[in-house]
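Asker: Single-letter residue listing:
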Amino acid sequence: MTDVAIREPSSLRNKLLSVWENRWTTRLMPFVILLLIAFAFSLATGGRFLASRNLTIILNQALVVATVATGGTFIFATGNVNLAMGATTVLCETVSAMAFLAILDAGGSVELGLVVMFVISVILAVFIMGFSAILSTKLNVRVLYVTIVMMTLLAAIQQALLGGSTLTIPSKITRMLANNNVHYIIFGVFFAFAVVIFHFTKIGRTLRFIGTNEICAHQTGKFKKDYLLLAFVIGGLGMGLGAMVAIIRSGSVSITTLSSLNMDTMLAIVLGGMSVFGGSKSFVYAGVIGAVTVTALQNGMVMVGVDSNLIQGVRGLLFLLLVAAAQKRPHGLPAPEG
Amino acid sequence: MPTKEVLLEVQNMYKNFGATVALNNVSFTLNRGVVCGLIGENGSGKSTVSSIAAGMQPPTKGSMKFKGEPWAPPSMLYAEKHGIGMIVQEAGTIPNITVAENIFLGHEAMFKQGPIINRAKMMAATRELLEGLGITNIQADQPVRELDMQQRKVVEIAKCMYWKPEILIVDETSTALSQDGREFLYSIMAAQRDNNRSVIFISHDLDEMMEQCDELTVLRDGVIIGTVQKADYEPSLIRRMMIGREIQGNYYRDDFDGYSDEVVLKADCITTMEDLLCFDLELHKGEILGIGGLSQCGMHTVGRALFGLEKLVDGKVTLKDGTKINNTRTAIKNRMGYVSKNRDTESLGLSASIMENIASTGYDINRWHGPGPLISNRKEKDYVDEQVKELSIKCASKYHNVNTLSGGNKQKVVFGKWIAPDSEILILDCPTRGVDVGVKAAMYQLMYRMKKAGKSILLISEELQELIGMSDRVLIMKDGEVRLEMMRTEGLTEQKLIEYMI
Amino acid sequence: MKKIFALLLSMAMILAVLPLTSLAQEKYIIGVAFQNVTSDTEIQKDYYTNELAPALGMEFIFSEAIKDTETLVTFIENCYAKGAVGIINYYTAGRGRGAEAADQYEMFFITQASKLDDATLDLEYNLGNCGASVDGMARAYTAAMESVLADGENHSVLMCTTAAVGQVAASHYYSTQAMLETMQNKYNLTYSKSIDEIINTDSPGEVDTGNPNIKIFLVPGTDNDKTLATISTPLQSGDYDIFVAVSGYANYTSAIAEVERAKNMDIKVVATASIEKQTLTGFTTLDPLGNPILNAVILNPLNVANAFCAAAIYNALNGGAEALKDADGNAAQLFVNPWPCPDAETYANIAKLDTEHDTYVINADDLQRLMVTSNPDANHDSYAEYLMELADIDAIIARKIK
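Which chain is which? The protein sequence lines are V, S and L, in order.
For the first sequence, counting from 1, position 1 maps to 135 in this note's numbering; every step adds exactly one.
For the second sequence, counting from 1, position 264 maps to 258 in this note's numbering; every step adds exactly one.
For the third sequence, counting from 1, position 257 maps to 278 in this note's numbering; every step adds exactly one.
Hints in this document: simulated from the structure, not taken from any laboratory.
Hints are not guaranteed to be accurate.
As the list claims (entries may be wrong) - Some but not every residue of chain S turned toward chain V, in silico, with C-beta under 7 Å:
hint	residue
1	T322
2	I326
3	A346
Said to hold, decoys possible - Anything over 10 Å on all C-beta distances counts as not near chain V; from chain L, calculated:
hint	residue
4	L170
5	E174
6	E279
7	N285
8	T302
9	G340
10	D402
11	S403
12	E406
13	L411
14	I422
Note that beta-carbon positions come from the ideal geometry of N, C-alpha and C, so glycine has one too.
Chain V with its partners taken away, still in its complex shape (with noise of 0.2 Å):
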């Protein structure tokens, strides 16, 4: 018989494996990849992509699809893919602008009008939503099948609405929106009041343990139908409040606005660190880190000089590569339990 044997001593490869496999890393990774890739561009610039005009910009280009992206991780925490996130931000657009250039028409106050669009844009997207939560809940069809359908109905609603025309909000009144900060203002607030939702609250918890299994969750009182709901109803409201910001930022909207809304919403949340199941691993600041990620990228990249034609497949690539870094690779196929 032999005794248990000492374990060979702790080496200095275990330690940092143990710093690797640590939960904060996985938290911190794409902040770090954030940082690496202002301090490359920032050295091949001289300095000029660090330049606070530069970071206004990377933040206004992002911003939008941080907005919707905050919103998002919401459903995509239970492990359900959205797909209408983009054409219920571009159909809240065109509505809430219609009514507030039709309030204006009739000798409204732009208050009124500001208001009114405001209103319209959260309540038509949480409505959106939320119907089409509960048509999944109800007609037991997987979120990614209702989105699709519903993706395309919006997208014809806003063709009937706009048909070749564009809305064009007054720039003078976009300008005021922009000088007293307002797209910061919605942005900033949402994402306080997502961050403590989604960290701080029951709600945050149980949709993330739904993503991580639906089954379990459900043997521990939380059902699945509640809190989808939930999820598209928060997610919504950062489509409204997204289409705000997008108002605030082009002052017009037409049938190719935000045409990849969706594409690039799911990336930044993807780059972000958050997995595509969705469970335990999702952070709801994932999807602001991954769009200021992708547009300091494409930032840095115009700034170097790089070619247009090439900075798209440029983007793709580092993407694939910045993933291979950030995510933890499954040992089979991807699967949620993965």
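Take the given structure of chain V and dock chains S and L to it, following the hints.
Answerer: Relative to the frame of chain V, chains S and L by itself:
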């Protein structure tokens, strides 16, 4: 007469998973014509060393020799083809393809004619194999999803045996099998021995191991403690080798303490979609009520129905104050808890941390202030820490994922989840399945303590010894009905219970 | 290990795409935001790069097709990141927001459009517009319509109005108005709605003309592919024998030819065209009934506006910004007149313009007149005067070709 030729030699083997050491300088030999049992607690390394021999993964360091030649199989397919086959403990079949396709998975090229695979030949070969093994209730062209868990395991066994392995590794397969299935497996193992081949048998069931194996090799913490020959088998010695200490007190209860008359949970003529027809049951305060029977007798459905997991076509489940339990939320609100027999798929979020799993029952308890919406991280941490400590959950950190834990520790997490909110009524469905001896003992002690504290436990189990050892009262079910009710005080024995089960 | 490697590789990639030479910031970097990218765009890019850039000491950055304001704003921001000091914008719907964005980053901004955005007139860096003369376009379309209606028969018109709705492109609006008025006058039509209401209907449809023998079908929208799909049904009905386009017609010639063949009818085409091979082909190729495909085109000078826009920014960068504003110090409008082109011979001559240094309507030598460094009197009025001179295509041909 079996010869003493060395068939497999493992030399100075190490295996690390990240910072975790699974095997620590393990060396052993396996002779021809021997059924060798590998036994140890979860996390001892027995599955790891056998899976390395079977080609599932490479060692970090060390070497092997098979039939005198260096052995480093690059894959399980290779190992299978060259003499070492393994039946894994998890599900090893693919549901949506046929039995034949499962058996020849990865070896389809054997039936290739030009670019096309000759399915008829594959079917014929499968039929021949099944007949040769005496398997008559499984068809070659049947999709595996039509088979139950046991039949799927039999398919896996057949798959392994096609290659006539010199070494058959059986990794905790017997727990998934009923008596019939186990007999079949034992006959395969005996045939191996008789044909001068060998078996490595891994199980938690010490009695089974002592009966089937010619020798037992004990592992603990990735190290071989020793090998005991059949003639020297002694259960308490082997347990001590496994755990490294004496088990304090008795394994099961040895008291005849009673329970209150107060009925805390009642099933009133409940009928479910399947299994149960006007089923009645009463659970009392401070009682451990055991329910036993064959796998399909309906006892698992009883547990689910009482917890609100099963839709009731008729009847009701009520608490002592008349509250109806028709969903899990109501059940939990009324301080009920449920440990499912499908631990990994139903009781745990495997990719979540220990912290998240245990805390999942405490969201309403760990609020910051009163009924406010915010959860206090501090309270939550304390909530979880208490369970980790009380249950001695072995983990590097409570923030590590549950899927890094051994089976026993996973089960402790499940227990902790329900004990933390101070559940009054616990429904435990096969709570010690796949759990090693040391943890089992700890769980039995915990159940007893809970009983003494006035909690009520419904213990559903397929292990008669466990029911006999722990229950105040035992119900034996068959075909959805209670066929026997016996009190602990009447002297429970296996013989008395079995005849009502079958 | 693999993760660290992936991280290092990605950092190496970022550093590897750095340009090898440092940027010598002697040239002004100007962003050019195209609304559409067609074969014309390549000709314009050549002009910018080979003729304007050396003459003005500029380097031009070209955008992809700008489809919405968000994309324009992003392009402007990216140009700023590259050190650009001016923007030439073609995306008319975004001229207001674009001017604001450029102004925020202290970049001079000029749009190729025919209508100013009132809200941004006072922005310091907004130099206004240089676009198609709406009066000129209206006159040209009136003349073209009168020529195709001259036979005294009943005719019905299918018209692509592109960005006419809401006067997003004012020239499109006024061209459509000219066609509707000409039809109204010719056939004494009584429209059930005002012409303005008709033009501003943002969905395609038939106009109520009050005369069942005279049909008019309008198709708005800037997306060429969508428009092509939309005109298909009315075109194939065979009811419309005049096709009018306020911007390019090239997308539609195949569809028109098919209907002509199928219905054995002649569809007269009146359009704004580009100077390209296809236009010559349109004049010289005969349809199944022996008529030329194109009947009357209005040619917008391809590079005239480009020259004026680039020169305007040049002057602003050299202290002449104020001179380009109007009397109130606000952004001002400059108009480029279209060239009428009724036949193949005229077209053949026009087609020779803007192909090389000697034939550029405004080459590097002509540019001196616009540059404040060589002509201190260059201002808004002198620009407008020069543009009026350039309306005379015959004079240009005489100067540059013959």
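Asker: Would you mind marking each hint as holding or not holding in the structure?
Answerer: Verification of the supplied hints:
no. : hint : in the structure
1   : T322 : 5 Å, holds
2   : I326 : 4 Å, holds
3   : A346 : 4 Å, holds
4   : L170 : 27 Å, holds
5   : E174 : 31 Å, holds
6   : E279 : 24 Å, holds
7   : N285 : 32 Å, holds
8   : T302 : 28 Å, holds
9   : G340 : 24 Å, holds
10  : D402 : 27 Å, holds
11  : S403 : 30 Å, holds
12  : E406 : 31 Å, holds
13  : L411 : 30 Å, holds
14  : I422 : 36 Å, holds
When each numbered hint is compared with the structure, no violation occurs for any of them.
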